[in-house]
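All chains, please: the whole structure from these sequences, using the hints.
Listed in order, the protein sequences are those of chains A, Z and F. For the first sequence, the working numbering assigns the number 1 to the initial residue and increments by one for each residue that follows. For the second sequence, the working numbering assigns the number 1 to the initial residue and increments by one for each residue that follows. For the third sequence, the working numbering assigns the number 1 to the initial residue and increments by one for each residue that follows.
Honestly, the hints are just simulated from the structure, not real lab data. Any given hint could turn out to be false.
[Unchecked claim] Examples of chain Z residues lying across from chain F (beta carbon under 10 Å, computed):
(1) G130
(2) G425
(3) Q544
(4) E564
(5) H596
Every value quoted in this text rests on a predicted model; they were computed, and no experiment measured them. Don't be surprised by glycine CBs; every beta carbon is placed ideally from N, CA and C.
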Amino acid sequence: MIELANDVLIPALGIGALYGLIGISFNLIFAPGGTFNFAQGQIVMLGGLLAFSFYQDQAWPLVLAVLAVAAIGAIIGLAEERIAVWPALRRDPHGQGWVLSTLAVFTIIQSLAIVQWGSTPQVVKDFPGMSIARRDVLGFEIAPYFVGTLAIAIGATIALHFFFQRTMLGRAVAATSQDRDAARLRGVDVRRIMSVSFMMGGALGAFTGMLAAPLTLATISVGLTFTFRGFMAAAIGGMGANLGALVAGLLLGLIEQSTQRYWQGGYTNFVMLAVLLSILLLRPQGLFGQSVARRI
Amino acid sequence: MAASNIARMRQWGRTFRPTAPGLLSNAHWLAGAAFLVLGILWLRTGIGGSWSSDSRQNLYLANLMLLYMLVALGLNVISGYVGAASIGHIALFAIGAYTEAILTTDYGWHVWPAVLAGAVVAMVASLPLGLILLRLSGWYFSVVTLLLVVVVSDLILQQKELTGGGAGVFGLTMPYIGNHQLDSRDYLYFIGGLNVVVFLMLRYLIDCTRWGKAFIAVRQAEPAARAVGIHPFVVQESALMISAFLAGLAGALFAPLPGIINPDSFPILDSIFFLLAILAGGMGTVPGPVVGTLALYIVPQWLNRQQALKDYSFLVYGLLLLLLVIFLPEGISGGVRRLWYQLFGRWMKQDGGGAGSIAATGAASAAPGTDHQALQYLRQGPAASGDFALETVGLSKQFGDLVALDDLSVQVRRGTIHAIIGPNGSGKTTLLNVVSGFYRPDRGSMKCFGRTLPPGRASRSIRRGVARTFQVPQMLPALTGLENVMLGCHSGGKVTMVDGLLPLPHVRRERRRFEARARACIELVGLGEKEMRAACGQLPFAHQRLLEIARAVAGEPRMLLLDEPASGLHPDEVRQFITLIRLLRDSGMTIVLVEHNFALVGELSDSITVLDAGMLLAEGDIHAVRHDPKVIEAYLGA
Amino acid sequence: MAPEALAATHAGGAAGMALQADSIVAGYAGNQVLHGVTVDARRGEVVLILGPNGAGKSTLLSVISGLVRQRSGKIFVDGKDVGGAPVHQRAKMGVAHVPEGRRIFPRQSVKDNLLLGTLAGKADKEAREESFRWVYELFPILERKQRHLAATLSGGEQQMLAIAQGVMSRPRILLLDEPSAGLAPILAKQVLDRVRLLSEGGISVLIVEQTAGAIAVADRVFVMRNGEVVASGSSDEFREQDLASQYLGTDQPGQG
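Here it is in structure tokens:
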């Protein structure tokens with residue numbers, strides 16, 4: 001029983017929290033315009049590589065490194081929105097040109113990352129107080145890192161809840177996601193809301209990439225995996241539901257850890273895709289989501 | 001029908017520029033075929049060899065290009081016409097390749113049956129993906145296809161005994177024809193020929209049978225698709241199957257070429273290349289994949305030869321994709337088409353005007369009367385039985401807290417014009433949606449011509465002879481008026497997606513029959529050659545409304561449900577509309593009219609049902625209803 | 001709050017005209033809906049636009065609020081040309097459009113919905129609280145239910161919330177698209193009575209309706225058909241009997 005907790009449950013929660021965070025970053029971008037950012041996993045990947053450069057290589061202070069990584073993530077998000085997403089949406093608000101244009105950003109980031117960092121995985125040292133080494137706590141062996149990621153994910157979910165409930169900007173974003181035209185009529189500048197959302201999503205994505213780097217190593221190959229997991233967390237939780245993304249992320253962590261322990265790890269993605277398809281077919285709006293079923 | 005009104009409408013129509021898509025699409029596919037031939041010649045004559053002296057390598061690349069063109073042709077069906085962008089076609093390609101490789105090496109199959117098996121396995125593997133399209137919007141499909149690439153490459157690495165893991169499968173041999181083993185030069189001709197055949201088949205299916213329009217309809221006007229009896233899920237799933245079959249076929253044909261395949265043979269970047277190719281060529285156009293593959297194939301090859309640029313290949317793909325989406329979303333052929341209009345637009349316009357006036361004089365002699373051809377089609381329909389066209393008993397429908405229909409029982413007498421009126425939100429349109437099978441009622445039952453109508457099944461309602469129109473006409477803007485109306489014949493079609501690939505006699509017959517019927521219906525509603533040839537999105541609102549009625553009539557219904565058909569029409573057009581509806585009634589059709597215009601209802605209808613808050617408020621003829629105090633109260637809110 | 005005090009916050013403007021929409025031509029793609037429509041509203045006036053479905057009434061409101069671009073014609077609010085401004089700017093210039101179908105934000109609380117209504121108004125806290133006091137006075141039910149999710153309100157309450165949301169920014173001109181649609185007659189009357197109070201508070205109101213119930217609260221009436229204004233006048237001139245024949249039609253169908 002304790003062994004199960006040590007080897008499966010605790011890592012599952014810690015890693016699942018990372019997936020939840022990525023899912024939330026997808027949600028932030030999805031909220032105002034209903035766009036799914038195909039390049040989001042690449043921004044997460046870039047966060048890890050930047051963490052390597054700033055925190056490991058240049059040995060910047062942690063706070064400075066975090067701020068720099070988040071800021072670069074925000075700038076990439078903003079640039080993507082301005083260059084790739086908005087022009088496609090302006091041409092056809094109901095079209096899906098943004099699927100292809102964010103896919104284009106995916107490949108562009110991939111290329112730039114290869115040129116800058118090469119394809120060798122890089123080690124990033126542990127963050128202070130978040131060692132990956134296990135420690136004995138009340139009879140359980142717990143890595144402080146996993147506690148840290150879970151705490152950060154819960155903290156981020158609560159903070160975002162307050163952002164959407166208590167600030168005018170947050171309310172405006174929430175309003176835009178429910179009824180774009182009605183929000184415009186109430187004086188919301190939808191274009192600005194889009195930019196803000198992409199910046200927030202980009203910053204959170206890059207930050208999560210940095211947070212994950214000590215565990216996953218900083219490497220270009222994680223981009224696709226993070227897109228996979230993040231989308232699953234967001235879609236299973238329900239697009240736009242941040243608490244849903246967190247819960248779904250933890251669930252994914254559990255699936256991943258248990259398939260790796262009790263079956264072959266190589267089947268993790270296969271199992272996840274099967275879970276995703278069954279959930280989406282039974283409940284297209286996700287576990288916590290509002291109905292997204294197409295209207296007649 | 002007053003001839004002056006027809007003339008007036010014609011006059012009005014003439015100010016709109018015809019786009020003549022029929023002519024253009026022929027030009028397009030001719031250009032595409034020419035491109036294909038030129039491409040093969042280009043490779044064959046060795047001009048292509050000038051960028052490398054290694055002709056073996058060149059032959060390999062030329063073969064690969066033609067195989068990729070085959071994938072692109074298939075991808076265009078699901079991503080171009082149906083509009084669901086797939087990023088997973090490289091995975092389907094890999095599934096085809098591995099199936100062929102495993103069957104020939106481990107199980108000793110001959111190459112040809114193994115190739116066929118590869119295509120079939122890829123097709124089957126794609127089936128679950130189609131379920132996504134059933135209930136979710138298109139981008140979910142795109143993400144899940146991306147995930148498919150990850151999962152397939154995982155599985156290939158895991159199933160080492162079957163796939164050889166990272167090392168792959170080797171010792172694959174080129175196929176034989178008789179005793180002759182094909183070399184890569186023979187293969188080039190073989191695959192080139194296959195491309196031409198597939199290209200022509202798909203072109204025939206899409207341009208000349210009911211399925212091409214169905215592909216486009218499920219994306220652009222799903223309500224219209226359902227209203228003419230198309231089952232969106234079946235159509236999307238079939239398009240996906242065609243697409244996956246071709247990707248698997250290309251993959252299976254690819255495996256013998258290098259003689260060895262491993263996970264690295266199927267980079268995800270190639271999936272993006274397929275999309276890039278059809279986008280560049282023009283998504284949802286017949287020659288798009290051909291033009292796009294030829295135009296872009298040089299890019300990766302050139303990049304691979306410039307060592308310094310090799311790392312930037314992702315960047316080049318990404319930038320190309322971005323530029324295309326932002327600046328040239330209609331692709332190269334769309335750009336050419338735009339240029340064509342800029343150069344020859346004036347000439348086209350004059351030509352169109354001439355054709356219009358010929359049609360006007362031609363149609364004037366065939367002015368609708370009781371002997372009109374379309375009406376003869378209608379009379380050929382099965383004889384109706386029962387006194388009532390429609391009887392509903394206790395229909396109820398609730399949306400959340402809103403009660404739209406509340407225990408509603410109405411009866412519509414056969415062969416009459418029956419109006420359903422009522423204030424906003426009284427449930428008129430909901431009733432129409434329930435009867436046409438778009439909504440499933442919470443309670444209650446319906447009978448149509450004496451037979452029970454299954455609830456919530458649009459395709460069943462249409463087969464029972466119930467056709468409908470929408471408050472806002474649901475037309476396919478890029479198709480011509482004629483093509484839009486031919487869509488209405490869909491439920492009467494027999495041609496399947498398989499025999500529709502070939503110009504067989506019965507396929508051609510069905511097309512001719514549909515076209516004749518559609519023409520007759522368009523003439524019946526008072527429109528002519530110009531509206532048949534113009535893209536529907538270019539036509540004035542009133543013409544779209546009339547075309548929508550023509551489309552409903554083309555399905556040879558026995559009962560026609562019209563949702564506010566006169567709103568947005570000019571007074572003259574309303575007169576014309578009244579004549580048309582009476583004509584249809586006199587030919588035996590039952591008309592159910594949801595309408596706001598009290599005056600129109602009074603003049604046109606034989607009987608009236610007044611609804612309020614989902615309940616029956618009053619019934620009877622115009623005089624009874626007009627003087628009913630309850631009706632006056634509901635309308636005037638006094 | 002006293003009506004005079006509120007009127008004082010709306011100083012300025014030429015000739016007392018809150019809204020002038022002049023010869024508006026507009027439509028969608030190949031389809032022209034409005035063929036030169038002219039309507040206006042004086043300060044504090046309730047103007048009713050009547051017409052059947054498809055007459056172009058909603059399109060007219062959308063053109064005034066900027067959701068639909070006019071092809072030609074001019075729009076003035078308080079004498080200022082707003083015709084080129086984007087939607088959210090127009091909201092800040094004093095146009096409050098409450099579209100049909102109670103387009104509130106269902107997943108947010110009543111209070112949040114109202115707060116969103118203040119986005120286009122003055123930014124200071126005092127003005128905001130004054131708006132709240134005023135709106136709660138007009139619609140006491142909203143104060144009682146301020147913590148409820150908007151989705152849980154009844155149809156009539158949602159309609160009141162939608163109107164209240166439009167009022168929160170203290171607009172120059174309030175555009176109401178079918179405020180009584182789908183409401184029981186007694187509820188519709190309640191809503192319209194509140195609208196009358198708004199105008200007494202100095203806000204000009206343009207109401208679009210298909211049925212004539214709102215005529216009781218209107219000062220002037222325009223009748224639209226097929227994208228044109230076919231009749232206009234003071235509401236007294238449109239006595240019920242005349243209207244019944246004009247609107248329900250003893251005249252020929254399809255003729256203005």
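The hints, checked one at a time:
1. Below 10 Å, beta-carbon pairs count as interface contacts, and G130(Z) has none with chain F, the closest being about 32 Å; its hint is therefore violated.
2. Hint on G425(Z) holds. Least Cβ distance to chain F is approximately 4 Å, under the 10 Å limit.
3. Below 10 Å, beta-carbon pairs count as interface contacts, and Q544(Z) has one with chain F at about 8 Å; its hint therefore holds.
4. With its C-beta approaching chain F no nearer than about 6 Å, E564(Z) sits inside the 10 Å limit, and its interface hint holds.
5. Hint status for H596(Z) relative to chain F: holds, with the closest Cβ pair at about 4 Å, below 10 Å.
When held up to the earlier numbered hints, the structure conflicts with hint 1 and nothing else.
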